[in-house]
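> Given only the sequences and the hints, what does the whole structure look like? Please build it.
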Amino acid sequence: MDARVSAKIQSVFEEPACEHNQNKDEKARKKGCTKQLSPGAAAGGCAFDGAKIALQPIADVAHLVHGPIACEGNSWDNRNSSTSGPQLYRTGFTTDIGELDVIYGGEKRLFKSIREIIEKYDPPAVFVYQTCVTALIGDDIEAVCKRAAEKFGKPVVPVNAPGFVGPKNLGNKLGAEALLDYVVGTQEPEVSTAYDINIIGEYNLAGELWQVRPLLDALGIRILSCISGDGRYNEVAQSHRARAAMMVCSKSMINVARKMEDRYGIPFFEGSFYGIEDMSDTLRQLAGLLIQRGAPAELMDRTEALIAVEEKRAWDRIAAYRPRLEGKKVLLITGGVKSWSVVAALQEAGLEVVGTSVKKSTKEDKEKIKEIMGEDAHMIDDMTPREMFKMLREARADIMLSGGRSQFVALKAKMPWLDINQERHYAYAGYEGMVDLVREISKTLFNPVWEQVRAPAPWDDVAVLDLSDAVAEVA
Amino acid sequence: MASVRESKKACAVNPLKMSQPLGACYAFLGLHNTMPMMHGSQGCTSFGLVLLVRHFKEAIPMQTTAMNEVSTILGGMDNIEQALLNIKKRANPALIAIASTGLTETKGDDVDGYLRLIRAKHGETLAGTEVVYVSTPDYVGAFQDGWAAAVKAVVDAFSEPVTQRVAGRVGVLPGAHLTPADLEELRELIEAFGLQAVMVPDISRSLDGHIPEDFTPTTLGGATLDDIRSLAACQHVIAVGEQMRPALDSLAARSGVPVTLFERLSGLTAVDALVALLMRLSGKPAPARLKRQRGQLQDAMLDGHFHLGGKRVAIGAEPDLLFALASVTSEMGADVVAAVTTTHSPVLEKVPAVEVLIGDLEDLELGAVGCDLLLTHAHGRQSATRLGIPLFRVGIPQFDRIGAAHQLSIGYRGTRDLIFQLANTFIANMHAHGPEDWPLPAEAIAAARGGTAGACNSGGSCSCSGVTEDIVVPIIPAR
Numbered sequence: 001m002d003a004r005v006s007a008k009i010q011s012v013f014e015e016p017a018c019e020h021n022q023n024k025d026e027k028a029r030k031k032g033c034t035k036q037l038s039p040g041a042a043a044g045g046c047a048f049d050g051a052k053i054a055l056q057p058i059a060d061v062a063h064l065v066h067g068p069i070a071c072e073g074n075s076w077d078n079r080n081s082s083t084s085g086p087q088l089y090r091t092g093f094t095t096d097i098g099e100l101d102v103i104y105g106g107e108k109r110l111f112k113s114i115r116e117i118i119e120k121y122d123p124p125a126v127f128v129y130q131t132c133v134t135a136l137i138g139d140d141i142e143a144v145c146k147r148a149a150e151k152f153g154k155p156v157v158p159v160n161a162p163g164f165v166g167p168k169n170l171g172n173k174l175g176a177e178a179l180l181d182y183v184v185g186t187q188e189p190e191v192s193t194a195y196d197i198n199i200i201g202e203y204n205l206a207g208e209l210w211q212v213r214p215l216l217d218a219l220g221i222r223i224l225s226c227i228s229g230d231g232r233y234n235e236v237a238q239s240h241r242a243r244a245a246m247m248v249c250s251k252s253m254i255n256v257a258r259k260m261e262d263r264y265g266i267p268f269f270e271g272s273f274y275g276i277e278d279m280s281d282t283l284r285q286l287a288g289l290l291i292q293r294g295a296p297a298e299l300m301d302r303t304e305a306l307i308a309v310e311e312k313r314a315w316d317r318i319a320a321y322r323p324r325l326e327g328k329k330v331l332l333i334t335g336g337v338k339s340w341s342v343v344a345a346l347q348e349a350g351l352e353v354v355g356t357s358v359k360k361s362t363k364e365d366k367e368k369i370k371e372i373m374g375e376d377a378h379m380i381d382d383m384t385p386r387e388m389f390k391m392l393r394e395a396r397a398d399i400m401l402s403g404g405r406s407q408f409v410a411l412k413a414k415m416p417w418l419d420i421n422q423e424r425h426y427a428y429a430g431y432e433g434m435v436d437l438v439r440e441i442s443k444t445l446f447n448p449v450w451e452q453v454r455a456p457a458p459w460d461d462v463a464v465l466d467l468s469d470a471v472a473e474v475a
Numbered sequence: 001m002a003s004v005r006e007s008k009k010a011c012a013v014n015p016l017k018m019s020q021p022l023g024a025c026y027a028f029l030g031l032h033n034t035m036p037m038m039h040g041s042q043g044c045t046s047f048g049l050v051l052l053v054r055h056f057k058e059a060i061p062m063q064t065t066a067m068n069e070v071s072t073i074l075g076g077m078d079n080i081e082q083a084l085l086n087i088k089k090r091a092n093p094a095l096i097a098i099a100s101t102g103l104t105e106t107k108g109d110d111v112d113g114y115l116r117l118i119r120a121k122h123g124e125t126l127a128g129t130e131v132v133y134v135s136t137p138d139y140v141g142a143f144q145d146g147w148a149a150a151v152k153a154v155v156d157a158f159s160e161p162v163t164q165r166v167a168g169r170v171g172v173l174p175g176a177h178l179t180p181a182d183l184e185e186l187r188e189l190i191e192a193f194g195l196q197a198v199m200v201p202d203i204s205r206s207l208d209g210h211i212p213e214d215f216t217p218t219t220l221g222g223a224t225l226d227d228i229r230s231l232a233a234c235q236h237v238i239a240v241g242e243q244m245r246p247a248l249d250s251l252a253a254r255s256g257v258p259v260t261l262f263e264r265l266s267g268l269t270a271v272d273a274l275v276a277l278l279m280r281l282s283g284k285p286a287p288a289r290l291k292r293q294r295g296q297l298q299d300a301m302l303d304g305h306f307h308l309g310g311k312r313v314a315i316g317a318e319p320d321l322l323f324a325l326a327s328v329t330s331e332m333g334a335d336v337v338a339a340v341t342t343t344h345s346p347v348l349e350k351v352p353a354v355e356v357l358i359g360d361l362e363d364l365e366l367g368a369v370g371c372d373l374l375l376t377h378a379h380g381r382q383s384a385t386r387l388g389i390p391l392f393r394v395g396i397p398q399f400d401r402i403g404a405a406h407q408l409s410i411g412y413r414g415t416r417d418l419i420f421q422l423a424n425t426f427i428a429n430m431h432a433h434g435p436e437d438w439p440l441p442a443e444a445i446a447a448a449r450g451g452t453a454g455a456c457n458s459g460g461s462c463s464c465s466g467v468t469e470d471i472v473v474p475i476i477p478a479r
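Protein sequence lines correspond, in order, to chains A and B.
Each residue of the first sequence is one higher than the one before, starting from 1 at the first, in my numbering.
Each residue of the second sequence is one higher than the one before, starting from 1 at the first, in my numbering.
Calculated from the structure, these hints are not laboratory results.
Check before you lean on any hint, since a few could be wrong.
Stated by the list, open to error - DEER-style ranges, computed between Cβ atoms:
1) A:N234 - B:D112: 50 to 60 Å
2) B:A444 - A:G153: 50 to 60 Å
3) A:Q452 - B:R289: 24 to 34 Å
4) A:R322 - B:H210: 53 to 63 Å
5) B:W438 - A:R317: 47 to 57 Å
6) B:E188 - A:R454: 21 to 31 Å
7) A:E99 - B:R289: 43 to 53 Å
8) A:D381 - B:K121: 27 to 37 Å
9) A:S6 - B:K121: 31 to 41 Å
10) A:W459 - B:P285: 29 to 39 Å
11) B:A273 - A:W459: 48 to 58 Å
12) B:G388 - A:E119: 50 to 60 Å
13) A:W459 - B:R289: 16 to 26 Å
14) A:A455 - B:F420: 29 to 39 Å
As the list claims (entries may be wrong) - One side only, chain A facing chain B, incomplete, derived with CB under 8 Å:
15) G40
16) D60
17) L64
18) P68
19) E72
20) N74
21) T95
22) Y104
23) G105
24) G163
Built from N, CA and C at the ideal position, the CB exists for glycine as well.
Right under this line is the structure:
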């Protein structure tokens, strides 16, 4: 392994802010936080996938994938991370290396690619992603990026997370490391205020950030940088001047939050935008941290006032659905932070969560679930699709909420399903998002289509099979 | 007709191309009770799987050997062994079909050798499950090459020499560019003559969107191993698309079965050729409903030519799909102004365009400036928006629409519908003329006013009629 990648992975594994990691002994820690994958029974993305997910939402950057066509050609423009301006992040750039590059090395092609991108698109920065094949043949992307940055006078950032070093979650962290090493702290903001914050690990899927941003705007809290949803290169470069930070989405970018605290003294907390109480708690924590860092104490009064108004407004709207949804059973198949943050939200809507998957959840996530659902929470570690199908078929759940991967398990069982993963097109954050989620669940559960698709075919229908009446009529 | 050129850019921008192993696994998905598997890192499978799920809106069985850095360097035999045993235990398929990736090809894994050793070691455990392997490095060729290689590997592995042929049985080796609906149409055409069709692979039975009674972890529907074995005993085998020639030639060489390759089955004359063959094979006349369908197509062509004639179209598609679409549109009088494809093929020279470029969607977008319509997969949506022209979605992936599996473009009916859809797209986007669409040139205006444009050199300071100042030449927005 490239010694630099190896050292990076080791440092990510030793993350001191990760309690999960601290509870392990020396040997277990060295092994890292990645479960060994089982060939023939594995699912999920690779480290490259994770790094790309983490960084691609930075909208004005050209994201260049150095590798064969599979890595970009099979996967580009497939996420719904929204932008309020530049579209360049949706352009697929790849060196698309061929057989000769594998033999002679792909560094020259990479260098030329960076030049072509800068000449044609003039982005504020180019991010270069390493992949398995180019890592294996020894292409030194750090060296190429360094040379290109000097030559073209523009930041060219190597993201060294080839797929085969581990799973998606590790890639999130390795991608984030590239920001820490090459971007954060390289520019100064024009103005700083006592209300400047960073949001870390929020990807603005389906525009969710915009369900939250108006709340912050109303309070006068400025998002100095969101890493990385609807992000801009310069904002990330200036993010070291924030007064406080919120870390979203469990542990995917804990290293950014923790290292920015170490380096720049920016305190952070882990929060969620999913669920009404979670949203309120997040606002309080943000206000609290800013006040600690010198913002006027009246910020908290305004925050509480805003929370009171918005909570009531959301509850009133959700209350309308409660009679319909009360007691309906939900199966929640997702990972990480959503395993608990959505549970709280669903309970608020009167739904009963009959199971939640914890395959990708950390120990803390599981603790949170117990806190919310009680000690006897039905946590599903690794449910096979067949088991999910059976559970739905037997109507032990009325609706499944999951990612796109398992949607057909539900649909083929002729059971309602709602997408709550990265590929979804509905936004479920903040107070607005929770009302929307409840509306979507209700819309899905009560769609007349279920009754129709479950109706027997004429050739299976006993009433139809008895043709004696018809025969008599003809006679 | 066309000259073929390769893009000389170092950086591919907005890829049109997808990789070989994905094409191979797509072919494997057309085999019944099968588990396709990529020998590579888990991301290789994950990306491909997500792409196909989003295109078909179906569960896609596909596994990975989950190679990591260490296993790559030491060789992937252990991973393949574990994967086979795991899949056997969990899914017990009739066939495990393996495609290599860029990663394991760079290392140089001898998978054929591994499989011999694994079979020797686990013969009993793996009994009842066949294993087939195809070499498909990501850095060579494209999606349809992977499909073609996979079909050839399957045919070579399982088709058996025969002593007797079954009259009336027609084998079909379809290309990757045919949809489940296309295969269904082809089957109906063959059956219309009282013949039976055996398709390998057969995605019309596995990816056509059915609702099974129970959950299955493997493919459900598609060609069975017996179907593959029976190919050699067919009365005749046809292949659709130039990409299938190696597989077809190999089958013919092994078994002596008579074969015919159709470069395309879209377009009146192309379908006529198929119908002529089916008449010969069956010894029966064409049924009345086919004759009606042919008439409907003729009528559609007459109605459609008003809308397609003279239109400038840009097409980005894999070679065989490009050839079929370019042929139909140019046969309707449209002009294929830009043709971009993914990989080399002998059929490219026959594409009715001046040039075919092996390139990406950036190349297509540049070539499509001034065109009326863009035909490519869903990734063309950004280009079409920038160009301000409609996008007609063809090929894979079409992740932002539903019903891609049922897009029909072969046979009389399919060509008829394709023409309707193309024509309707033009009609829907017809430019309504405005009063300023036909401006006179300055010269004409000046002449009409009894002067000569630019005749006054006083720069407007004199009191002459100032012909130059009054001339308004509207700027027509580029379409």
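> Please go over all the hints and tell whether each is borne out by the structure.
Here's how the hints hold up against the structure:
no., hint, in the structure
1, A:N234 - B:D112: 50 to 60 Å, "53 Å, holds"
2, B:A444 - A:G153: 50 to 60 Å, "51 Å, holds"
3, A:Q452 - B:R289: 24 to 34 Å, "31 Å, holds"
4, A:R322 - B:H210: 53 to 63 Å, "38 Å, violated"
5, B:W438 - A:R317: 47 to 57 Å, "56 Å, holds"
6, B:E188 - A:R454: 21 to 31 Å, "30 Å, holds"
7, A:E99 - B:R289: 43 to 53 Å, "50 Å, holds"
8, A:D381 - B:K121: 27 to 37 Å, "31 Å, holds"
9, A:S6 - B:K121: 31 to 41 Å, "33 Å, holds"
10, A:W459 - B:P285: 29 to 39 Å, "34 Å, holds"
11, B:A273 - A:W459: 48 to 58 Å, "39 Å, violated"
12, B:G388 - A:E119: 50 to 60 Å, "25 Å, violated"
13, A:W459 - B:R289: 16 to 26 Å, "25 Å, holds"
14, A:A455 - B:F420: 29 to 39 Å, "33 Å, holds"
15, G40, "3 Å, holds"
16, D60, "16 Å, violated"
17, L64, "7 Å, holds"
18, P68, "4 Å, holds"
19, E72, "6 Å, holds"
20, N74, "4 Å, holds"
21, T95, "6 Å, holds"
22, Y104, "12 Å, violated"
23, G105, "12 Å, violated"
24, G163, "4 Å, holds"
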